[in-house]
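Participant: We have chain A already, so just place chain B on it with the hints.
There are 2 protein chains.
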Amino acid sequence: MTFKTTGHIFVTMGRIGHCRQHILAAGTEVLYQKGYNGTGVKEITTAAGVPKGSFYNHFESKEAFVIEALEAVAAQHEEHSRAVLMGSDLSPKQRILNFFDGIHQDYKSEEFNGGCIIGNLCLEMADENEGIRATVDKLFNKQVSLIADCLRAAQDCGELCCEHCNCAELAEFIHCAWEGAVMRMKASRNCQPFTIFRNQLEQFFV
Amino acid sequence: MTFKTTGHIFVTMGRIGHCRQHILAAGTEVLYQKGYNGTGVKEITTAAGVPKGSFYNHFESKEAFVIEALEAVAAQHEEHSRAVLMGSDLSPKQRILNFFDGIHQDYKSEEFNGGCIIGNLCLEMADENEGIRATVDKLFNKQVSLIADCLRAAQDCGELCCEHCNCAELAEFIHCAWEGAVMRMKASRNCQPFTIFRNQLEQFFV
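Protein sequences appear in the order of chains A and B.
Residues 816 to 1021 in our numbering are what the first sequence spells out, letter by letter.
Residues 816 to 1021 in our numbering are what the second sequence spells out, letter by letter.
Just chain A, same shape as in the assembly (with noise of 0.2 Å):
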């Protein structure tokens, strides 16, 4: 298929990419709010403010719908991970406690809803559905590996304690950690689990 280079349908283009991206958005909230089973293609759409066939002109199904926003929450994720793990002149460190404590304030701006969208789906959906399973793998694998590369800058300055300690595996765990507490101050609505998670996380570090 090709689009003619025509004013007309370059509008036309961007209006279905802009409908497309407005459900994506609108769809991604109330699937942080409801889960997978608990959000209908007719919730999406509603959210939205669009007839409820219109999903099926940007969407193949639930699942594909799903894979797509949790790449693109990803996506934007990542871009702010990558400025605040690499993108500064402040020491490793640093970097790292910054990057959980600005997650944390978003969390507790929102109460402790929604949460970490990818764990969500996790938990809800690995069993179930291989796509969501191996694509929340793979996102979860992106985030780890950032971590690591932190790390392994705060190892090579000598921020660590542990001099000679594998950061991959290092970053594995302080990311379960993380997601653990994120499901923690889901539970007990308050801001403790991450007080013991941040402590504990200055422990690595000398």
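Accuracy of the hints is not assured; some may be wrong.
Copies of one chain are not kept apart here, so a pair can be met inside one copy or by any two copies together.
Said to hold, decoys possible - Calculated lysine to any residue pairs in the SDA-like style (CA-CA distance at most 25 Å, straight line):
#1 K953 / A841
#2 K867 / Q848
#3 K923 / R948
#4 K857 / N956
#5 K953 / T1010
#6 K953 / N1005
#7 K867 / C972
#8 K877 / E858
#9 K923 / E984
#10 K953 / S924
#11 K849 / L1016
#12 K957 / A840
#13 K877 / C977
#14 K867 / F1019
#15 K867 / L900
#16 K953 / C1006
#17 K923 / E943
#18 K857 / Q1007
#19 K908 / N981
#20 K957 / L839
#21 K953 / N981
In short, the hints are calculated from the structure, not lab data.
Here the structure is a predicted model, which is why all the values come from computation and not from measurement.
Facilitator: What follows is chain B alone, placed relative to chain A:
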């Protein structure tokens, strides 16, 4: 309300109790696999092989059923945890390592399906349902408390690296890392997240 102590009434009470426990056990299995929103009353009664209407003879609502299922799973888990963490002549360090090794073996034998039902329902339902959130929070606190007791015993006999650290906080952190590792195993479908958790866990001990 009082029950007459005739044989007939005892048998009737037994049948009601048996049916209730049967629905609870069969429905909990469905809940493990499909989560709250993926599990309808119809699916619970189909799994139990009883008519749909009979569900409401025993449970006020799906929410009430789920809270009772959570409490029942947690009570079984607590009994097992107490036996492994506190009830043997092994050293506290070895008891904690055995504890996590044992749960991991259970998950592995299920090919990482299911996972932690408390964690699963926390991420799916804590934002949506206050009764489930409060139950999950209470049950998490009980689990952490048992781990903290064993860590204190380890600290008392010089097995912990940190001689004066707060064992309640360390238990919370380890528990978070464990819940995160269970999440990661659901995504990766292999033991690597557990192996990393296990290696890091050992670092807390001398």
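Participant: Quick one: K923 to R948, C-alpha cut-off 25 Å, is that within a copy, between copies, both, or neither?
Facilitator: between (28 Å within a copy, 17 Å between copies)
Participant: Quick one: K867 to C972, C-alpha cut-off 25 Å, is that within a copy, between copies, both, or neither?
Facilitator: neither (55 Å within a copy, 64 Å between copies)
Participant: If the cut is 25 Å between Cα atoms, do K923 and E943 qualify within a copy, between copies, both or neither?
Facilitator: Only across copies: K923 and E943 sit 17 Å apart there, 31 Å inside one copy, limit 25 Å.
Participant: Could you place K957 and L839 in one of the four classes (within, between, both, neither) given a Cα distance threshold of 25 Å?
Facilitator: within (22 Å within a copy, 40 Å between copies)
Participant: Given identical chains, is K908 near N981, meaning Cα to Cα at most 25 Å, within a copy, between copies, both, or neither?
Facilitator: Close inside one copy (16 Å) and across copies (23 Å); limit 25 Å.
Participant: At most 25 Å between CA atoms: does that hold for K867 and F1019 within a copy, between copies, both, or neither?
Facilitator: neither (51 Å within a copy, 54 Å between copies)
Participant: How would you classify K953 and T1010 at a CA-CA limit of 25 Å: within, between, both, or neither?
Facilitator: between (28 Å within a copy, 19 Å between copies)
Participant: Give the relationship of K953 and C1006 under a CA distance limit of 25 Å: within one copy only, between copies only, both, or neither.
Facilitator: Answer is between; shortest inter-copy Cα gap is 16 Å, intra-copy 29 Å.
Participant: If the cutoff is 25 Å on CA atoms, where do K953 and N981 land: within, between, both or neither? Let me know, please.
Facilitator: within (20 Å within a copy, 35 Å between copies)
Participant: Given a CA cutoff of 25 Å, do K953 and A841 count as a within-copy pair, a between-copy pair, both, or neither?
Facilitator: within (24 Å within a copy, 33 Å between copies)
Participant: Between the shortest in-copy and the shortest cross-copy C-alpha distance, which are at most 25 Å for K849 and L1016: within, between, both, or neither?
Facilitator: Neither: 31 Å inside a copy, 34 Å across copies.
Participant: How do K953 and N1005 come out at 25 Å by Cα distance, when the copy is not named: within, between, both, or neither?
Facilitator: between (30 Å within a copy, 14 Å between copies)
In summary, the structure is inconsistent with hints 4, 7, 11, 13, 14, 15, 18 from the numbered list given earlier, while agreeing with the others.
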